[in-house]
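Undergrad: Given next are the chains, with one letter for each unit.
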Amino acid sequence: MKTRTISTKQLKLALKYLVLIVVCAFFLLPFLLSLNTAFKPADEVSNVTALPSRLYLGNFAAGFQAIARSMLNSFLIVTPGSLLGILLGAFAAYPLAQLRFKGDTVVYFIMLAGMYIPFSTILIPLFLIIRNIGLYDTYVGLWLVYTAIATPYMTLILRNFFATIPEELREAATLDGCGLIKYFWRILLPVSQTALAACFILNFRSFWNEFILALTLTRSHEFRPVTVALQYFVNQSSDRVEWGPLMGAVVFAIAPTIIVFLLFKKQFVRGFVGMYK
Amino acid sequence: MHIKLRTEKKITTILFLSLPFLLFAVFYFYPIGYTIFLSLHEWNGIAPTKTPVGLANYAFIFKNYQFRISLGNTIKWLIIYVSCVTASGLGLALLLEKKIRGSALFETIIFLPTTIMLIAAGAMWRWLYNPHYGFINIALRKLGLDALTLVWLGDPKIATYSIMICAIWSGVGLAFVLYLAGLNNIPPEYGEAARIDGASFPQLFRHIIWPMLAPANAVVIAMMALRAIKVFDIVYVLTNGGPGYSSSVLAFFMYDTSFARGQFGRGAAIATILFLVSALIIGPYLLYSVRKVEAIR
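First to last, the protein sequences are chains U and H.
Residues 3 to 279 (the numbering used here) make up the first sequence, in order.
Residues 878 to 1174 (the numbering used here) make up the second sequence, in order.
If you're looking for bench data, these hints aren't it; they were derived computationally from the structure.
Relax, there's no trap hidden among the hints.
Each computed DSSO-like pair below joins lysine-lysine, with the alpha-carbon atoms no more than 30 Å apart:
#: 1; chain 1: U; residue 1: Lys14; chain 2: H; residue 2: Lys976
#: 2; chain 1: U; residue 1: Lys268; chain 2: H; residue 2: Lys975
#: 3; chain 1: U; residue 1: Lys184; chain 2: H; residue 2: Lys881
#: 4; chain 1: H; residue 1: Lys976; chain 2: U; residue 2: Lys267
#: 5; chain 1: H; residue 1: Lys976; chain 2: U; residue 2: Lys268
#: 6; chain 1: H; residue 1: Lys976; chain 2: U; residue 2: Lys18
#: 7; chain 1: H; residue 1: Lys940; chain 2: H; residue 2: Lys927
#: 8; chain 1: U; residue 1: Lys11; chain 2: H; residue 2: Lys976
#: 9; chain 1: H; residue 1: Lys1019; chain 2: U; residue 2: Lys18
#: 10; chain 1: U; residue 1: Lys267; chain 2: U; residue 2: Lys18
#: 11; chain 1: U; residue 1: Lys104; chain 2: H; residue 2: Lys887
#: 12; chain 1: U; residue 1: Lys268; chain 2: U; residue 2: Lys18
#: 13; chain 1: U; residue 1: Lys11; chain 2: H; residue 2: Lys975
#: 14; chain 1: H; residue 1: Lys886; chain 2: U; residue 2: Lys104
#: 15; chain 1: H; residue 1: Lys975; chain 2: U; residue 2: Lys267
#: 16; chain 1: U; residue 1: Lys184; chain 2: U; residue 2: Lys104
#: 17; chain 1: H; residue 1: Lys975; chain 2: U; residue 2: Lys14
#: 18; chain 1: H; residue 1: Lys881; chain 2: U; residue 2: Lys104
#: 19; chain 1: U; residue 1: Lys184; chain 2: H; residue 2: Lys887
#: 20; chain 1: U; residue 1: Lys184; chain 2: H; residue 2: Lys886
#: 21; chain 1: H; residue 1: Lys1034; chain 2: H; residue 2: Lys1019
#: 22; chain 1: H; residue 1: Lys1034; chain 2: H; residue 2: Lys953
#: 23; chain 1: U; residue 1: Lys18; chain 2: H; residue 2: Lys975
Put together the whole structure using the sequences plus the hints.
TA: As C-alpha cells, this is what we get:
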C-alpha cells in the first residue's frame, strides 16, 4: 500500500514536469528559432529546422547597422524619462504617504485612474501639444511624455513604500531641526534606494518597449527609438524576406531588457507585482 | 510649535504636489477634454480652423465598416485573450506554487517573453507564421498534417486569432507572476488543515484557493482587459490591420483614421468611444481597489 502511494506521487510529479517542459518549449521556441536564423547565411535561412552549417555573423552586423542609432536614441530617451518619472512620483508620494492631508484619497484615486488611461485615447492631444511647443521629433518631447506617463505608476509604488517607513524617523529628524523638505532629500530618498532602483528597472522596461507614443512623436532617423526603427525594418525586409538580418536586429533590440531581467530578476518581478497590488 | 509644524506640513504638501499636478493637468485632464472637444469637429490636423459638426463624426463611425470590424475584434480580444491569459497564468501558478527542482528556471522561462518589446515578439512570430518557410507550417508538413498548414496572417478569417496567440505568448508571464504572488499570500495553514481533513485538490481549490484568490483575480482580469483594449503594437507589426480590415482593433482604427488619413475629428471620436469602453471596464476595479486602500488605513 505504501509503495503504491509513493508511486502515484511520483507519477504526479513526472506529469507536472512533462507539462512544464512542454509549456517552456512553447515559450522558448520563438527565441531559439530566431537565434538559429540569425546565425545562418542567406542561402540556409529557408531551411528552418536545420542548425546553421557554420556560425555566420553577417546578420548581426547588418541588423546592428540597421538599428544601432535608434538603440542610442532609446538610451538617451529612456534614461532621463525614467529618472524624471521617479522624481515626480516621489514628489507626489511623499505627502500622500507621510504628510496625510484632507483629500489625499481623492488625489490617490486620480493617480490610480491615470494609470489606466489607454494612451490611444489621449494620443491626438499629446501629439498636438508636443508639436505646438516645438518638441515633435526631439528627445525632450519624449522625456516629457514618458515622465508624465511614469508619474502615476511611480507615485503608487513609492507611496506604498514610503508608508512602510516609520513616522518616528521623520519626527526624530524634525526634532533635530531638519525641515520637512530637507527630510525628503537627505533622509527619505537615501533610505528608499532599493525601491527607487526597482522603479528604474520597471520604467526602463516599459519605455524601452514603448511603441505607439514613440511612433507618433518621432519621425527622423536621428530621434526615433528602437521600437520604431525595428518596425520599419520589419516592413522593409518582409517583402524581400531578409529574415537573417531582421533576426539579428531583433536580438540586439531585446538584449537590454532581457539582460536587465536576468540580472535583477527579483526586483523586476517584484516591481511588476507591487505595481498592481 | 505645533501650529508651526502644521503650516510647514501644508506648505510642503502643496510644494511637492504642484509639479506632479501640473503634469497631470497638461498631459491627462486637458487631453481627455480636448479629445472630446475635437470629436465634435472636423479637422485635418493642419488647417487653422476646426469646423463644428455636432455628432456627425459619431454618426459616420457607427455606420463605418472598419469600425464594426474593429469593435468586434476588440470584443473578441476582451473575451478570448483575457480568458486564455488568465486561465493559463493561473494554471501555471498552481503548478509552480510549491517549489520543485528547477522551478526558478521554469519561472524565468515563462516570464521571459513578457520582458521583450511587442514589436520584436511580432517580428519573431511573423517569421514563425511565414506560409512557406515559417517553422509552424514546416513542422506541420513534417508531421504529415498538411491540412492544418494555413496562411496564418494572410487569411482574414484567422488573422486576429494568430495575432492573439502571439499576444498570449507574451502576456501569460505577467498573469503568472501576479497569481503566484496571490497564491503565496494564502496562509499555508488553510491548505494543511483542509488536507488533514482529507480534502481533494478540486475541493481545496473550490473552497479555499479560489475564494482567497479574489484580489489576485480582480487585478489580473482588470490588467489583462486593459491590455486587450490597448492592443496596437502587435497588430501594427503583424498584419497592419489586414488583410483588408479583418484584424483591425479600436486603437488601430483610431491611429489609422487620425494619423494615416489625417481625419483628426473622426479619430478623436473613436478615442472617446475607446475611453468610454475602458472606463466601463476599469471603473469598477478602481472603486474596488480604492475601497481596499481605505480599509487598510
